[in-house]
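Protein chains in written order, with my numbering: chain A, 183 to 789; chain B, 11 to 188; chain C, 297 to 423.
One or more hints might be untrue.
[Said to hold, decoys possible] Keeping only pairs whose Cα atoms sit at most 27 angstroms apart, straight-line, the calculated DSS-like set for lysine-lysine is: (1) A:Lys661 / A:Lys697; (2) A:Lys311 / C:Lys299; (3) A:Lys750 / B:Lys149; (4) A:Lys729 / B:Lys30; (5) B:Lys21 / B:Lys79; (6) A:Lys770 / A:Lys578; (7) A:Lys708 / A:Lys789; (8) A:Lys649 / C:Lys381; (9) B:Lys113 / A:Lys729; (10) A:Lys773 / B:Lys113; (11) A:Lys750 / A:Lys740; (12) C:Lys411 / A:Lys578; (13) A:Lys272 / C:Lys406; (14) A:Lys661 / B:Lys161; (15) C:Lys411 / A:Lys326; (16) A:Lys661 / B:Lys74; (17) A:Lys581 / B:Lys149; (18) A:Lys649 / B:Lys74; (19) B:Lys30 / A:Lys481; (20) B:Lys161 / C:Lys394; (21) C:Lys342 / A:Lys311; (22) B:Lys149 / A:Lys789; (23) B:Lys149 / C:Lys301; (24) A:Lys697 / B:Lys74; (25) C:Lys411 / A:Lys311; (26) C:Lys342 / C:Lys406; (27) A:Lys750 / B:Lys113; (28) A:Lys582 / B:Lys149; (29) B:Lys113 / A:Lys422; (30) B:Lys79 / B:Lys149; (31) C:Lys299 / A:Lys326.
Hints listed in this document are in silico derivations from the structure and should not be mistaken for laboratory results. Every value quoted in this text rests on a predicted model; they were computed, and no experiment measured them.
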Amino acid sequence: MPFRADVLICMGTSCIENNSFEIRELIQEEIKKHNLEEEIRLVSTGCFGFCDAGPIILVQPDGVFYQRVTEKDIPFLVEEHFLKGRPVKKLMYTPPKEKVPIPKLAEIPFFNQQILIALRNRGLIDPEKIDEYIARDGYAALAKVISSMTAQQVIEEVKASGLRGRGGGGFPTGIKWELCRHAGEERNEVRYVICNADEGDPGAFMDRSIIESDPHSIIEGMIIGAYAIGSHQGYVYIRKEYPIALDRLNTGLEQAREYGLLGDDIFGSGFDFDIEVHRGAGAFVCGESTALMASLEGKAGVPRAKYIHTVEYGLWNKPSCLNNVETWVNIPVIINRGAKWFTRIGTGDVSESPWGGSKGTKVFSLTGKINNTGLVEVPMGITLREIIFNIGGGIKKDKKFKMVQTGGPSGGFLPEELLNLPVDFDSLTKAGSMMGSGGMVVGDEDTCMIDMAKYFVSFLVTESCGKCVPCREGLKRMKEILERISEGEGKEEDIELLEELGFILENGALCGLGKSAANPVLTSIKYFRDEYEVHIREKKCPAGVCKELIEYGIDQEKCNGCTLCARKCPTDAISGEQKQVHTIDTSKCIKCGICYEVCRFDAVYRK
Amino acid sequence: MNKENHSVTQKIVEKWGARKDCLIEVLHDVQEECNYLPREILTEVSEELEVPLSRIFEIATFYKGFSLKPRGRFRIEVCMGTACHVQGADIILEAFERELGIKVGEMDENMDFSLDVVRCVGCCGLAPVVTINRDIYGKFGPGQVSAIIEKYRSIPKKKVDIEKKYKEIKRKMKTENG
Amino acid sequence: MPKIKPEDLAKIKERTRRTLILREGSGRAKVTVHMGTCGIAAGARKIMNTLLRIIEEREIDDIILTTSGCAGLCSHEPMATVEVKGTAPVKYVDLTEKKIEEIFDQHVQKGIIVKEYALGVGSERTE
Numbered sequence: 183m184p185f186r187a188d189v190l191i192c193m194g195t196s197c198i199e200n201n202s203f204e205i206r207e208l209i210q211e212e213i214k215k216h217n218l219e220e221e222i223r224l225v226s227t228g229c230f231g232f233c234d235a236g237p238i239i240l241v242q243p244d245g246v247f248y249q250r251v252t253e254k255d256i257p258f259l260v261e262e263h264f265l266k267g268r269p270v271k272k273l274m275y276t277p278p279k280e281k282v283p284i285p286k287l288a289e290i291p292f293f294n295q296q297i298l299i300a301l302r303n304r305g306l307i308d309p310e311k312i313d314e315y316i317a318r319d320g321y322a323a324l325a326k327v328i329s330s331m332t333a334q335q336v337i338e339e340v341k342a343s344g345l346r347g348r349g350g351g352g353f354p355t356g357i358k359w360e361l362c363r364h365a366g367e368e369r370n371e372v373r374y375v376i377c378n379a380d381e382g383d384p385g386a387f388m389d390r391s392i393i394e395s396d397p398h399s400i401i402e403g404m405i406i407g408a409y410a411i412g413s414h415q416g417y418v419y420i421r422k423e424y425p426i427a428l429d430r431l432n433t434g435l436e437q438a439r440e441y442g443l444l445g446d447d448i449f450g451s452g453f454d455f456d457i458e459v460h461r462g463a464g465a466f467v468c469g470e471s472t473a474l475m476a477s478l479e480g481k482a483g484v485p486r487a488k489y490i491h492t493v494e495y496g497l498w499n500k501p502s503c504l505n506n507v508e509t510w511v512n513i514p515v516i517i518n519r520g521a522k523w524f525t526r527i528g529t530g531d532v533s534e535s536p537w538g539g540s541k542g543t544k545v546f547s548l549t550g551k552i553n554n555t556g557l558v559e560v561p562m563g564i565t566l567r568e569i570i571f572n573i574g575g576g577i578k579k580d581k582k583f584k585m586v587q588t589g590g591p592s593g594g595f596l597p598e599e600l601l602n603l604p605v606d607f608d609s610l611t612k613a614g615s616m617m618g619s620g621g622m623v624v625g626d627e628d629t630c631m632i633d634m635a636k637y638f639v640s641f642l643v644t645e646s647c648g649k650c651v652p653c654r655e656g657l658k659r660m661k662e663i664l665e666r667i668s669e670g671e672g673k674e675e676d677i678e679l680l681e682e683l684g685f686i687l688e689n690g691a692l693c694g695l696g697k698s699a700a701n702p703v704l705t706s707i708k709y710f711r712d713e714y715e716v717h718i719r720e721k722k723c724p725a726g727v728c729k730e731l732i733e734y735g736i737d738q739e740k741c742n743g744c745t746l747c748a749r750k751c752p753t754d755a756i757s758g759e760q761k762q763v764h765t766i767d768t769s770k771c772i773k774c775g776i777c778y779e780v781c782r783f784d785a786v787y788r789k
Numbered sequence: 011m012n013k014e015n016h017s018v019t020q021k022i023v024e025k026w027g028a029r030k031d032c033l034i035e036v037l038h039d040v041q042e043e044c045n046y047l048p049r050e051i052l053t054e055v056s057e058e059l060e061v062p063l064s065r066i067f068e069i070a071t072f073y074k075g076f077s078l079k080p081r082g083r084f085r086i087e088v089c090m091g092t093a094c095h096v097q098g099a100d101i102i103l104e105a106f107e108r109e110l111g112i113k114v115g116e117m118d119e120n121m122d123f124s125l126d127v128v129r130c131v132g133c134c135g136l137a138p139v140v141t142i143n144r145d146i147y148g149k150f151g152p153g154q155v156s157a158i159i160e161k162y163r164s165i166p167k168k169k170v171d172i173e174k175k176y177k178e179i180k181r182k183m184k185t186e187n188g
Numbered sequence: 297m298p299k300i301k302p303e304d305l306a307k308i309k310e311r312t313r314r315t316l317i318l319r320e321g322s323g324r325a326k327v328t329v330h331m332g333t334c335g336i337a338a339g340a341r342k343i344m345n346t347l348l349r350i351i352e353e354r355e356i357d358d359i360i361l362t363t364s365g366c367a368g369l370c371s372h373e374p375m376a377t378v379e380v381k382g383t384a385p386v387k388y389v390d391l392t393e394k395k396i397e398e399i400f401d402q403h404v405q406k407g408i409i410v411k412e413y414a415l416g417v418g419s420e421r422t423e
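The following block holds chain A by itself, in its conformation from the complex (with noise of 0.2 angstroms):
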């Protein structure tokens, strides 16, 4: 039976100080003696970074924040909230000189259904500053697992918590660094440990936002996978286009050095490991392993085919590990809290194997057409809807919801129908998109799927290698396709020729670049199937998007005559008096935009 309650300690070290331990022990008793131990959980945290006001005990699902409790209050709010379910007045915080509280951040929809593991300490410390990490219990698995882990049980640990690879692939991160640490070992070799920081998926920030707010949680974390795997040598691979966290890594690596926590004998312990830095320059392809190794050594990113492992024969033909940013940061956590506390969070059973489910939190990066765009990190198995509607508030201007791209160019739609979908590794595959590195663009009414398939099949044909032919070739097919169907030129076969070269495209493309390069299109076929059928036949965008099928107008009713619009037509295709209604000649107007963007009063259409 699950749990009515869940009763969160505070066991910061400030809380500790403020009796939460003896407070912990007290409510136990309490439930105890009211026989609600099936009902209600204790839950011990980590700080809650309001300090000031502890013992902190926060009371969910209701979301209530106890304070300043003493263990006097405990009988009374045992009994109180727990089994008559009263929440306590006098124990609630309410700002000082104000009569009632303003929300609290538990209680604001965007922030109260997240989990922040991968994002702990965002917005809390100065990202520039080691000592403020280490407040925060950095390092501290790093000192666990040199004073008192062998690599073996460091690889256990990381592989029963079912921690997988969060760039997107879902490799299971323990049976990862197993078979790189067996490769090194049987051949007697170097190993090295990679972390990609070339976060290529346009819509993804997740990685520079961790970068530049907690750039030692990867440090951390690559020290602690260097340990067990056995690497001495580590690579960050970051994207050119992110000065801000270059600047903040490289200063976090300078001061992890001065510390001891990189280079020889680390914390004394005889272990040595540093890492080095390469900036990339601006090719999506080499967010792909091979292709990045091949780039760490100063190629052009080319992949290559992956029937022999890179955690076999990777970088300079050694055994390597490469994790993505999101997944070296969760590490600390799993080791400081444990693989079982880790568990709890997440979807499947991982008991037997870690391919069992999808455990722990996910960052997703939400934008688009929707009110609450930003960085939100959730559990495993959370729905769509409620990430969409719940924490990012829904669509803007209170549009229709019409679809959310997960997963960037090798990722799909996804329709309103699948909006119930949980988000893990294995469900958005059947769906026939893809986790991803978490990048969740969301489309309203005024979105053209047709012009989404062939923005992501122009990007991919940019980025494509040219090393094979079905991504080479077939990309540029699949472009010439949907921009005749976008320009009202399209023919009635063409929705089964793109389907025909996607089949080819994932079935004999050499990288994992090439073989999901038609997931864009096949689930816009997929799912939006009738969409196409009316550019075709009817040569008509029902979104408004497709530039050639497309004109601008003026509402007769809406416009007030500001004259705003006829300023700023750059061919002055708009004419009409102040305070007149405006028209718009068509023969001049090139589809600039202008004029939608700057009406007020949202009397420009397209149609």
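Using the hints, position chains B and C against chain A.
Frame of chain A, contents of chains B and C only:
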């Protein structure tokens, strides 16, 4: 061979320990110094690193971050990430092309601006996004294009004169190297 | 900085915690400006500069001004967190130079939360 240039190249190559695998990093630094990858410097890099020039050109053309042509003193980059796309990045790009009278990948006559697209700068929450050198502009619209071009155009040229900066660097390197 | 041993972590933690949570630190209040790429794009530097200007002009020495990474809610950048000693931190959103000045006068100086600009109070769950 120009002795002054040589010191720039040497300095960069030395910074990276003359390692062949750091070729991409070396090229980044060259581009930062010179604003693009001048052929004569690449030839020197080839000699210093003992990497064939053809390999260097392979790298310089494979990666979109490198330019073999000089670029304007202000590099306008319109983000073409997915989030920016759904919010109308393409009409922003068109507006820049129209206002500047150049196409993507080109530079205007006065060497003030060059226009490029970039695949996601990771500010998707503020889409659509335009970056000009290291300045980032979020929630951008085609209606803001002409004003922003004027703003940058009016910045006095000497402040960021690439040619002059390049000469300065060369002079500095020369004095430092005795 | 000397190399550290595992047992030094606790010392650093204790030392730093004070400035992090304002318990025994010298500051009376702490203002954290969220300066990730998003925040900077939305104008976080202006907010920072305004705060620096105020602090310099009025010769204030009991306020800790610090920066941090992205707070996650990009659509409401620029953001800042104000924490007056002994009270919960409050997150302010959609800031402008004018707003931050008002927040500084009211919340930081007088302890009155500027409700209309505030998003919420407290910190997020880190489980």
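A quick look at each hint next to the structure:
{"no.": "1", "hint": "A:Lys661 / A:Lys697", "verdict": "holds (16 angstroms)"}
{"no.": "2", "hint": "A:Lys311 / C:Lys299", "verdict": "holds (16 angstroms)"}
{"no.": "3", "hint": "A:Lys750 / B:Lys149", "verdict": "holds (18 angstroms)"}
{"no.": "4", "hint": "A:Lys729 / B:Lys30", "verdict": "violated (48 angstroms)"}
{"no.": "5", "hint": "B:Lys21 / B:Lys79", "verdict": "holds (22 angstroms)"}
{"no.": "6", "hint": "A:Lys770 / A:Lys578", "verdict": "violated (32 angstroms)"}
{"no.": "7", "hint": "A:Lys708 / A:Lys789", "verdict": "holds (25 angstroms)"}
{"no.": "8", "hint": "A:Lys649 / C:Lys381", "verdict": "violated (61 angstroms)"}
{"no.": "9", "hint": "B:Lys113 / A:Lys729", "verdict": "holds (19 angstroms)"}
{"no.": "10", "hint": "A:Lys773 / B:Lys113", "verdict": "holds (18 angstroms)"}
{"no.": "11", "hint": "A:Lys750 / A:Lys740", "verdict": "holds (18 angstroms)"}
{"no.": "12", "hint": "C:Lys411 / A:Lys578", "verdict": "holds (24 angstroms)"}
{"no.": "13", "hint": "A:Lys272 / C:Lys406", "verdict": "holds (25 angstroms)"}
{"no.": "14", "hint": "A:Lys661 / B:Lys161", "verdict": "violated (37 angstroms)"}
{"no.": "15", "hint": "C:Lys411 / A:Lys326", "verdict": "violated (44 angstroms)"}
{"no.": "16", "hint": "A:Lys661 / B:Lys74", "verdict": "holds (20 angstroms)"}
{"no.": "17", "hint": "A:Lys581 / B:Lys149", "verdict": "holds (19 angstroms)"}
{"no.": "18", "hint": "A:Lys649 / B:Lys74", "verdict": "holds (17 angstroms)"}
{"no.": "19", "hint": "B:Lys30 / A:Lys481", "verdict": "holds (9 angstroms)"}
{"no.": "20", "hint": "B:Lys161 / C:Lys394", "verdict": "holds (23 angstroms)"}
{"no.": "21", "hint": "C:Lys342 / A:Lys311", "verdict": "holds (22 angstroms)"}
{"no.": "22", "hint": "B:Lys149 / A:Lys789", "verdict": "holds (24 angstroms)"}
{"no.": "23", "hint": "B:Lys149 / C:Lys301", "verdict": "violated (48 angstroms)"}
{"no.": "24", "hint": "A:Lys697 / B:Lys74", "verdict": "holds (22 angstroms)"}
{"no.": "25", "hint": "C:Lys411 / A:Lys311", "verdict": "violated (31 angstroms)"}
{"no.": "26", "hint": "C:Lys342 / C:Lys406", "verdict": "holds (23 angstroms)"}
{"no.": "27", "hint": "A:Lys750 / B:Lys113", "verdict": "holds (21 angstroms)"}
{"no.": "28", "hint": "A:Lys582 / B:Lys149", "verdict": "holds (22 angstroms)"}
{"no.": "29", "hint": "B:Lys113 / A:Lys422", "verdict": "holds (24 angstroms)"}
{"no.": "30", "hint": "B:Lys79 / B:Lys149", "verdict": "violated (30 angstroms)"}
{"no.": "31", "hint": "C:Lys299 / A:Lys326", "verdict": "holds (17 angstroms)"}
The structure is inconsistent with the numbered hints 4, 6, 8, 14, 15, 23, 25, 30, although it conforms to all the rest.
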